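K.L.:
Spelled out from the first residue to the last, the chains are:
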Amino acid sequence: MKSLFSIFKNGLQKTATSLVRGVQSVFTETKPWTAEDFEHLEGLLIQADLGVVTAAELVNDLKERYDRGKIATREDIRRAMAEDVTKILEVAGAGNPFTPAAKPPTVVLLVGVNGTGKTTTAAKLAHLWQQDGLKVMLAACDTFRAAAVEQLVHWGARVNCPVVAGKPNSDPAAVAFDAATRARNEGMDILLVDTAGRQHTRKALMDELGKIARTIAKACPGAPHEVWLTVDAGIGTNAVTQAREFSKIVPLTGLIITKLDGTGRGGSLVPICRELRIPVRFAGLGERETDLQPFRPDFFAQALFEVKVTGSP
Amino acid sequence: MFEKLTDRFHDIFRNLTGRGALSEANIEEAMREVRRALLEADVNYKVAKEFVESVRQECLGEKVLRSITPGQQAVKVVNDHLTALLGGANEPLNLAAKPAIFILIGLQGSGKTTTAGKLARLLRGRDKKDVLLAACDLKRPAAIDQIEVLGRELDIPTYARRDTQDVVEVVRGARAEASRLNSDVLILDTAGRLQIDTDLVQELVRVKDAVQPQEILLVADAALGQEAVSVAEHFNQALGITGIILTKLDGDARGGAALSIRHVTGRPIKFIGTGERMADLEAFHPERMASRILGMGDIVSLVEKAAEQFEEAESRELEEKMRKNSFDLNDFLSQLRKIKNMGGILAMLDLFPGTKKFKDGLNVDENQLKHVEGIICGMTAAERRDPELLNANRTRRVAQGSGVPVQEVNDLVSRFRMMREMMSGLGGQLGKMSPDGRLPAAPPPQIGGRHINPIMMRMRHRGRR
Numbered sequence: 027m028k029s030l031f032s033i034f035k036n037g038l039q040k041t042a043t044s045l046v047r048g049v050q051s052v053f054t055e056t057k058p059w060t061a062e063d064f065e066h067l068e069g070l071l072i073q074a075d076l077g078v079v080t081a082a083e084l085v086n087d088l089k090e091r092y093d094r095g096k097i098a099t100r101e102d103i104r105r106a107m108a109e110d111v112t113k114i115l116e117v118a119g120a121g122n123p124f125t126p127a128a129k130p131p132t133v134v135l136l137v138g139v140n141g142t143g144k145t146t147t148a149a150k151l152a153h154l155w156q157q158d159g160l161k162v163m164l165a166a167c168d169t170f171r172a173a174a175v176e177q178l179v180h181w182g183a184r185v186n187c188p189v190v191a192g193k194p195n196s197d198p199a200a201v202a203f204d205a206a207t208r209a210r211n212e213g214m215d216i217l218l219v220d221t222a223g224r225q226h227t228r229k230a231l232m233d234e235l236g237k238i239a240r241t242i243a244k245a246c247p248g249a250p251h252e253v254w255l256t257v258d259a260g261i262g263t264n265a266v267t268q269a270r271e272f273s274k275i276v277p278l279t280g281l282i283i284t285k286l287d288g289t290g291r292g293g294s295l296v297p298i299c300r301e302l303r304i305p306v307r308f309a310g311l312g313e314r315e316t317d318l319q320p321f322r323p324d325f326f327a328q329a330l331f332e333v334k335v336t337g338s339p
Numbered sequence: 069m070f071e072k073l074t075d076r077f078h079d080i081f082r083n084l085t086g087r088g089a090l091s092e093a094n095i096e097e098a099m100r101e102v103r104r105a106l107l108e109a110d111v112n113y114k115v116a117k118e119f120v121e122s123v124r125q126e127c128l129g130e131k132v133l134r135s136i137t138p139g140q141q142a143v144k145v146v147n148d149h150l151t152a153l154l155g156g157a158n159e160p161l162n163l164a165a166k167p168a169i170f171i172l173i174g175l176q177g178s179g180k181t182t183t184a185g186k187l188a189r190l191l192r193g194r195d196k197k198d199v200l201l202a203a204c205d206l207k208r209p210a211a212i213d214q215i216e217v218l219g220r221e222l223d224i225p226t227y228a229r230r231d232t233q234d235v236v237e238v239v240r241g242a243r244a245e246a247s248r249l250n251s252d253v254l255i256l257d258t259a260g261r262l263q264i265d266t267d268l269v270q271e272l273v274r275v276k277d278a279v280q281p282q283e284i285l286l287v288a289d290a291a292l293g294q295e296a297v298s299v300a301e302h303f304n305q306a307l308g309i310t311g312i313i314l315t316k317l318d319g320d321a322r323g324g325a326a327l328s329i330r331h332v333t334g335r336p337i338k339f340i341g342t343g344e345r346m347a348d349l350e351a352f353h354p355e356r357m358a359s360r361i362l363g364m365g366d367i368v369s370l371v372e373k374a375a376e377q378f379e380e381a382e383s384r385e386l387e388e389k390m391r392k393n394s395f396d397l398n399d400f401l402s403q404l405r406k407i408k409n410m411g412g413i414l415a416m417l418d419l420f421p422g423t424k425k426f427k428d429g430l431n432v433d434e435n436q437l438k439h440v441e442g443i444i445c446g447m448t449a450a451e452r453r454d455p456e457l458l459n460a461n462r463t464r465r466v467a468q469g470s471g472v473p474v475q476e477v478n479d480l481v482s483r484f485r486m487m488r489e490m491m492s493g494l495g496g497q498l499g500k501m502s503p504d505g506r507l508p509a510a511p512p513p514q515i516g517g518r519h520i521n522p523i524m525m526r527m528r529h530r531g532r533r
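Same order as they appear, the protein sequences are chains A and B.
Each residue of the first sequence is one higher than the one before, starting from 27 at the first, in this note's numbering.
Each residue of the second sequence is one higher than the one before, starting from 69 at the first, in this note's numbering.
Calculated directly from the structure, the hints in this document are not laboratory data.
Remember, predicted model here, so these are calculated numbers, not experimental data.
Misleading hints may appear alongside valid ones.
As the list claims (entries may be wrong) - 30 Å max Cα-Cα, derived DSSO-like pairs, lysine-lysine:
#, chain 1, residue 1, chain 2, residue 2
1, B, Lys-207, A, Lys-193
2, A, Lys-89, A, Lys-113
3, A, Lys-57, B, Lys-408
4, A, Lys-161, B, Lys-207
5, A, Lys-237, B, Lys-196
6, B, Lys-389, A, Lys-229
7, B, Lys-438, A, Lys-237
8, B, Lys-114, A, Lys-113
9, A, Lys-237, B, Lys-408
10, A, Lys-89, B, Lys-117
11, A, Lys-57, B, Lys-117
12, B, Lys-114, A, Lys-229
13, A, Lys-229, B, Lys-207
14, A, Lys-193, B, Lys-131
15, B, Lys-438, A, Lys-193
16, A, Lys-89, B, Lys-114
17, B, Lys-438, A, Lys-274
18, B, Lys-144, B, Lys-131
19, A, Lys-274, B, Lys-408
Claimed, not checked - Derived list of chain A stretches under chain B, where covered just means 3 residues or more per stretch with a C-beta under 8 Å from a C-beta of chain B:
#, region
20, 31-38
21, 66-78
22, 88-96
23, 101-115
24, 226-238
25, 304-314
Where is the CB? At the ideal position from N, CA and C, for every residue including glycine.
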């Protein structure tokens with residue numbers, strides 16, 4: 027069994043290498059560091075998708091600490107950056123699976139733009155929680171995209187989890203209502219609701235999402251208890267806008283970073299957490315049902331900047 | 069798409085063109101702003117740097133600084149470079165072979181399967197081609213079902229195999245099927261994969277060797293971040309892509325990935341996906357996009373969009389009405405419904421030059437269009453022909469019938485008058501079009517509100533009231 031840290035480290039290897047190599051080449055330890063050096067550093071952070079504003083803020087902060095003699099070596103710089111990024115990502119609830127509802131089922135709504143991996147994530151979460159001995163039900167509410175329901179049904183069969191599915195082009199809110207009713211009546215611990223991907227700029231689709239959430243509340247008062255946005259690790263700073271717009275319609279209680287096994291850096295998590303203070307719950311690191319890990323801000327940041335962690339291999 | 073980039077460039081250039089003379093410091097400052105705007109749009113850091121450097125060199129040259137209108141010259145330099153960066157004219161697909169084989173490749177979730185359906189629909193409708201869609205994604209659960217459902221919806225034949233895991237066998241079978249059906253085009257939808265997954269990329273190389281495709285199209289999400297460059301470079305090196313299809317442009321991604329991918333591969337962006345419906349795929353026109361980024365509008369696309377909606381005879385009739393100013397509320401209602409089909413008023417306004425500022429002041433609620441429809445439907449035939457008939461009594465009746473306040477009916481009528489005026493201006497413009505549907509050559513680009521077409525002048529004027 028690989029340690030959680032090494033899983034993050036492997037996932038972020040490509041990113042980390044170029045970022046750290048950049049830091050090593052920019053800052054020499056023989057000459058004083060110049061404003062230009064720090065500008066290079068800002069460029070490196072921008073290249074990790076941290077965004078112009080967050081990168082500038084982090085670098086200004088570092089520069090000030092350097093001027094005051096608080097940091098002096100390249101190792102210091104990396105460690106300080108890892109600490110700063112960890113601090114930003116450590117929002118209350120980060121890495122926590124979910125808070126169980128007072129009255130089961132706990133309803134978890136998965137939302138996001140198209141192609142971010144909602145359906146795959148739903149299957150992975152179902153698998154994970156079933157392993158923990160919880161009774162899980164899946165609701166396939168993407169009635170729009172061709173064969174999206176079939177996709178979740180296939181997954182349901184693979185991870186051996188019941189799926190409530192709607193007919194193509196039927197009202198997703200009605201499917202959600204059915205599923206919530208069934209989950210309650212059948213004594214499920216968790217209902218995972220997979221929704222259609224939608225661009226946050228499409229008002230009608232966003233309204234539809236609001237309706238799904240309200241309908242679920244009618245079947246299970248207080249639900250959905252958790253609303254999680256899937257964020258594709260390869261997407262740039264538009265992810266911040268996505269999070270901002272979705273949270274206006276359905277208050278987000280968590281983020282799931284997907285496809286972190288690719289070269290995508292997931293750097294956009296930093297500006298999202300900085301601005302919206304939404305905890306990152308899980309990280310998707312592959313295509314198999316087991317490729318989902320609780321998110322660890324410190325491991326993520328340390329892996330990103332290749333800082334040694336005490337106790338890690 | 070590119071909206072925010074447009075905003076930023078608009079401001080930067082207003083500062084530049086607002087000056088009589090430019091100093092090197094002015095240029096330097098503008099270039100810093102351009103760089104920042106590009107980075108905020110997720111253009112790759114290195115690409116942005118190179119772009120700004122080349123623009124700076126040219127702007128600091130004698131030609132710009134010594135010219136009579138240096139600000140506008142500088143804007144022209146940026147426009148030229150941006151057009152070059154986006155590529156020149158639209159590059160069509162290579163349909164020379166029969167069947168012409170197109171492979172769609174890309175990362176997971178970039179929209180390959182949806183795009184395959186859209187592309188098939190477009191080739192059949194626009195190019196009158198017989199298309200075969202082949203499901204070659206054997207990995208993602210239900211990817212084959214998805215292609216089959218799309219095929220049924222679009223009434224386009226599909227080819228799928230559930231008896232093998234060998235993709236090369238599937239594509240060979242698909243080609244044989246395309247020959248048997250005498251298809252003009254064969255579209256292969258492949259599984260999403262990481263550009264650094266050597267085994268899976270090698271699989272694509274074997275697919276390529278097996279069928280010798282006319283096009284290898286990289287399908288990429290417009291919201292991709294800095295990694296867009298790595299994605300494009302890896303796929304291009306391994307496979308030699310022939311073009312790019314950008315997806316999800318209906319979001320508000322600033323489209324920087326488009327610039328980066330195009331820059332590092334040198335391959336053209338051929339299509340853009342602009343929505344979830346199968347009709348939402350458009351040919352990409354770099355020169356028009358550059359103008360749009362700089363806030364100069366895209367009249368040609370507007371006319372083309374309109375052409376899709378209006379039958380030729382109908383549009384001649386409409387043009388006639390516009391010219392004679394006999395456009396009535398019945399026509400207005402039918403136009404309104406068409407505008408809705410074209411993506412709504414705001415989307416259309418984007419295509420006009422110089423509407424940026426105007427649009428900000430304009431509070432268009434697309435839902436209001438529904439009210440408008442209701443109000444017009446509540447009028448008698450005579451009232452629709454001549455809204456001036458609407459006195460207080462009639463207005464009250466219409467308001468009650470359509471369930472809106474009286475004020476809203478009055479607003480509609482006054483807005484209709486404004487619209488009619490605008491339309492008569494547009495009618496004049498349409499009259500000047502050459503037979504191929506293009507407007508007369510545009511005057512040299514000018515930004516900062518000096519050159520605006522007369523229709524927009526009137527709209528702006530009204531907008532301020």
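K.L.:
Evaluate each hint against the coordinates.
P.N.:
Tested hints:
1. Distance check on the hinted pair: Lys-207 of chain B and Lys-193 of chain A sit about 24 Å apart at the alpha-carbon level, within 30 Å; holds.
2. Our distance criterion of 30 Å between C-alpha atoms is met by Lys-89 of chain A and Lys-113 of chain A, whose separation comes to about 18 Å.
3. Using a Cα cut-off of 30 Å, the hinted pair Lys-57 of chain A and Lys-408 of chain B is violated, with the two alpha carbons roughly 63 Å apart.
4. Proximity of Lys-161 of chain A to Lys-207 of chain B is assessed by CA-CA distance (about 28 Å); at most 30 Å being required, the pair is judged to hold.
5. About 41 Å separates the Cα atoms of Lys-237 of chain A and Lys-196 of chain B, which puts this hinted pair outside 30 Å; it is violated.
6. The hinted pair formed by Lys-389 of chain B and Lys-229 of chain A fails the criterion: a straight-line CA distance of about 34 Å is larger than 30 Å.
7. Of the supplied pair hints, the one linking Lys-438 of chain B and Lys-237 of chain A holds, its CA atoms being roughly 20 Å apart against a limit of 30 Å.
8. Of the supplied pair hints, the one linking Lys-114 of chain B and Lys-113 of chain A holds, its CA atoms being roughly 29 Å apart against a limit of 30 Å.
9. For a cut-off of 30 Å, the pair hint linking Lys-237 of chain A to Lys-408 of chain B stands: about 23 Å separates their Cα positions.
10. In summary, the hint linking Lys-89 of chain A to Lys-117 of chain B is supported, as the alpha carbons are separated by about 23 Å, within the 30 Å threshold.
11. A hinted pair counts as satisfied when its Cα atoms are at most 30 Å apart, and Lys-57 of chain A with Lys-117 of chain B qualifies at roughly 26 Å.
12. Restraint check for Lys-114 of chain B and Lys-229 of chain A: the C-alpha separation of about 35 Å exceeds 30 Å, so the hint is violated.
13. Distance restraint check for Lys-229 of chain A and Lys-207 of chain B: the Cα-Cα separation of roughly 33 Å exceeds the 30 Å cut-off, and the hinted pair is therefore not satisfied.
14. With a C-alpha separation of about 65 Å, the suggested pair Lys-193 of chain A and Lys-131 of chain B falls outside the 30 Å cut-off, and the hint is violated.
15. With a C-alpha separation of about 29 Å, the suggested pairing of Lys-438 of chain B with Lys-193 of chain A holds against the 30 Å cut-off.
16. Simply put, Lys-89 of chain A and Lys-114 of chain B have alpha-carbon atoms about 23 Å apart, close enough for the 30 Å limit, and the pair holds.
17. Restraint check for Lys-438 of chain B and Lys-274 of chain A: the C-alpha separation of about 24 Å stays at or below 30 Å, so the hint holds.
18. Using a Cα cut-off of 30 Å, the hinted pair Lys-144 of chain B and Lys-131 of chain B holds, with the two alpha carbons roughly 12 Å apart.
19. With a C-alpha separation of about 26 Å, the suggested pairing of Lys-274 of chain A with Lys-408 of chain B holds against the 30 Å cut-off.
20. A stretch counts as covered by a chain when three or more of its residues have a beta carbon under 8 Å from one of that chain; for the region 31-38 of chain A and chain B the count is 0, and the coverage is violated.
21. Three residues within the 8 Å Cβ limit are the bar, and the region 66-78 of chain A against chain B gives 7, so the coverage statement holds.
22. Check on the region 88-96 of chain A: 0 of its residues sit with their Cβ under 8 Å from a Cβ of chain B, so the three-residue criterion for coverage is violated.
23. Counting residues of the region 101-115 of chain A whose CB falls under 8 Å from any CB of chain B gives 0; the rule of at least 3 is not met.
24. Only when three residues or more bring their CB closer than 8 Å to a CB of chain B does the claim for the region 226-238 of chain A stand; here the count is 4, and the claim holds.
25. With 1 residues carrying a beta carbon less than 8 Å from a beta carbon of chain B, the region 304-314 of chain A misses the three-residue requirement, and the given coverage is violated.
Comparing the model with each earlier hint shows violations of hints 3, 5, 6, 12, 13, 14, 20, 22, 23, 25; every other hint is respected.
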